[in-house]
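Protein chains: 2
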Amino acid sequence: MSGVLCANSIQAWAKLVRAEACVLDAVERELRAEGFPPPIWYDLLLELKAAPEHHLRPVELEARLLLKQYHLSRVIDRMEAEQLVARRKCPTDARGLHIALLPAGGALLKKMWPAYQAAIGRHFAAKLGPGEHQQLSALLDKLLP
Amino acid sequence: MSGVLCANSIQAWAKLVRAEACVLDAVERELRAEGFPPPIWYDLLLELKAAPEHHLRPVELEARLLLKQYHLSRVIDRMEAEQLVARRKCPTDARGLHIALLPAGGALLKKMWPAYQAAIGRHFAAKLGPGEHQQLSALLDKLLP
DNA sequence: GTAATTTTGATGCAATCGCATCTTTTGTCA
DNA sequence: TGACAAAAGATGCGATTGCATCAAAATTAC
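Note that the protein sequences, when read in sequence, are chains Y and W. Just so you know, we're using this note's numbering here: the first sequence kicks off at 6 and counts up by one. Just so you know, we're using this note's numbering here: the second sequence kicks off at 6 and counts up by one.
Hints in this document: simulated from the structure, not taken from any laboratory. Treat the hints with caution; some may be incorrect.
When chains are identical, the list treats them as one kind, so a pair holds in a single copy or across two.
Said to hold, decoys possible - Restricting the straight-line Cα-Cα distance to at most 30 Å, the calculated cross-link-like pairs of lysine-lysine (DSS-like) are: (1) Lys20 to Lys132; (2) Lys54 to Lys20; (3) Lys20 to Lys147; (4) Lys147 to Lys94; (5) Lys116 to Lys20; (6) Lys73 to Lys94; (7) Lys94 to Lys132; (8) Lys115 to Lys54; (9) Lys115 to Lys20; (10) Lys94 to Lys115; (11) Lys54 to Lys116; (12) Lys73 to Lys20; (13) Lys132 to Lys147.
All chains, full assembly: derive it from the sequences and hints.
Encoded structure:
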């Protein structure tokens, strides 16, 4: 089953790790410098906003954002402390929760978008040519579950 | 300068972050389960081994591995505690150091390679087609400094 | 030559992560 | 039904990260 990986594979692997770290770090740093929370907060809020009734269960958020269970649990702690989201009882499963979008969450989403977009544009999008975003997307799709 | 990013860019961005996290996490988890240290230790040892006299300065390691200064400083702490590398005085710059590869470091490199290779193969390389590794490499190169 | 600036590396402290485990509730199957 | 396994979330604790800052040496400027 195994054998030897070719040099191309190893190099692609190394570049994936390095490039992502480099770009994500630049974006996070830029957002933080402007007083914004980390990108994952934005992503989470966006998922909630896109959801049918502006709420999702943690399990669903885990799957969409690919977060680990304990990680998400703590992100929600912090966002709840900032009144961005609220934990509500889930009516159909007593084990579960609804994570609901609060007004302040919607407001942050709006306020953060220009900065987030600019950061992604500067540190990521601008470095690729026109068709390359889709090309990269297609390749990364194969790596996703 | 700015304007609006197209949906393709945003999606590619999101996939880059998610896919990398997903794959790196799987590889790290697998190595850890077999009792090995994190991949960055391997990468660092490999850089040292490839270096002319099996030693490099922290600044050089930072640049090659794209690590932050304080991060690298602490990684070296841990690796030094395990006798994998040693901090030596740098003869040409009294501020600096030589990080030297120790025998145990070389041994770990050898011992770890099969596991590392297998993990990368399983969680990354196997998911891409023959030419796609190079294709991905080329795209990621544009994101690197 | 000396003062100001930059570079290199370390570290205190607070925030975050990762693992393992716990509680509660659901689902399965005899 | 009743026992047993699986799923959803929370959390204690130790390890790691990130920021800010420090000290020491090299470089630059005057």
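If you test the structure against every hint from before, which numbers come out violated? 4 and 7
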